[in-house]
Every structure is written in structure tokens, then in C-alpha cells.
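Let the sequences and hints guide you as you build the complete structure.
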Amino acid sequence: QVQLQESGPGLVKPSQTLSLTCSVTGASITNGGFYWGWIRQHPGKGLEWLGYIYFTGSTHYNPSLTSRVLMSVDTSKNQFSLKLSSVTAADTAVYYCARVPRLSGYGLDVWGQGTTVGVSS
Amino acid sequence: DIQVTQSPSFLSASVGDRVSITCRANQTISIYLNWYQQISGRAPSLLINVASSLQSGVPSRFSGSGSGTDFTLTISSLQPEDFATYYCQQTYDMSRTFGGGTKVEIK
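First to last, the sequence lines map onto chains A and B. When the letters of the first sequence are read in order and numbered with the numbering used here, they come out as residues 1 to 121. When the letters of the second sequence are read in order and numbered with the numbering used here, they come out as residues 122 to 228.
Among the clues, some could well be false.
To be verified - The calculated lysine-lysine pairs, modelled on DSS-like cross-linking and capped at a C-alpha distance of 30 Å, are:
{"no.": "1", "chain 1": "B", "residue 1": "K228", "chain 2": "A", "residue 2": "K45"}
{"no.": "2", "chain 1": "A", "residue 1": "K45", "chain 2": "A", "residue 2": "K13"}
{"no.": "3", "chain 1": "A", "residue 1": "K45", "chain 2": "A", "residue 2": "K83"}
{"no.": "4", "chain 1": "A", "residue 1": "K83", "chain 2": "A", "residue 2": "K13"}
{"no.": "5", "chain 1": "A", "residue 1": "K13", "chain 2": "A", "residue 2": "K77"}
{"no.": "6", "chain 1": "B", "residue 1": "K224", "chain 2": "A", "residue 2": "K77"}
Because the hints were derived from the structure by calculation, they are not lab data.
Structural data, given as C-alpha cells:
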């Protein structure tokens, strides 16, 4: 059974870089049938797509966040990561990692439980 | 950017009711529309792929329809465990925007 688990600091200072890691168990991240994605949910609000990465390192980001987002993958650890630079209070959210089937247009079929990140001095 | 608008944003219904939620895109997105369920405090879970394909393990009372700009999620007979918030997501372009959500509560 595939499971995803987010980890990282729960609090980040304004203007700094938010860094999260998603650990994948039960499947290899090098399975070519999937991308690996990030989504966030602001407190009491809806969902926002951040982007995804393929095990080769190829990335696709939400155009609205491209200038601040960087995703990477570590196949040796079966993990992928998110960095979001120059954070403000507006980046306070629950951050989820998820698996993205490469089947054209298919949805996020496995999710992590989410991790809450606050931005405050 | 492609925007997707869900309606209603809030829905009150009883166990056994037939419930429909709609999602409208501001441009054609073919069938590239997925539906998710989010129970309070938990991660979303996938219900429907590409407008009408039921995700494995999801009860058959859930169904999806539509193409182009207008889509519908239907729950044929609402069960107690279905009280949750439902989101649509377009996967036509890289913004992969989500709708604002529909909260289904017990009448």
C-alpha cells in the first residue's frame, strides 16, 4: 500500500524559505507511471495546486508561483521535496504531497496526511 | 487562467437524498475534470477521474458527468459518511485549479 508522509518545520519566518519533504513508502518513486505533486490549503479555504515533479527531475509548476517554487527528487531516499522562497503570511497553509498518475488528466490518487506550516516572526 | 466555479457552495440534505453538485469552467476543458471528497480535518480523496471514471474503491453511488465547460457530481443516495466538502479540479492546463468547494451538511 502506497503511503506518503510530509515532514518539515511547522513555523517559518517571513522572507525565508519554506522547505518540506515527502517520503514515499510502499512504492518506488522511480515508477514511471506517476508524477509527484504538492498542493496546499489555506486555513478554512479551498485547495491550491503548486506543481509536480517526475523522478527524472522534470518539473511543472503552477504558473502563479513559478518564481518562488523549486521541487526536487531524491531517488536514493525515495523522497521528493518542495522549497518555497520569500514566504509571507499568505503562505500559511496545510501542505499536502500527493501522487499524480501520468494518465492524461487523471487526479491525485494518493495523498499524504498534510503538514501545517505557519509563517510568522 | 482557467477558473472553475462550483455550485452550490453549501448544501443541506438528508440521508437517502439524491444530491448533485456542479462545476463550470470559464473555457472548454474537454473531459479534464476530477472530483474529490474532503472530510473535515483529513486529506482529500479522489472520487472521479476525467469527468466520469469512478476511482477504484469508491462506492457506485458516486457518479460524474459532463464535458466541455459543465460538469456534475451526483450522489444517488446520500449516506452518513458522505457529509463532507467536495472539490472539482481541472487538469486541462498546468494551473490545475480547484473549485471553491461544496460543503454537504446534514439537514
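List of violated hint numbers, smallest to largest:
6
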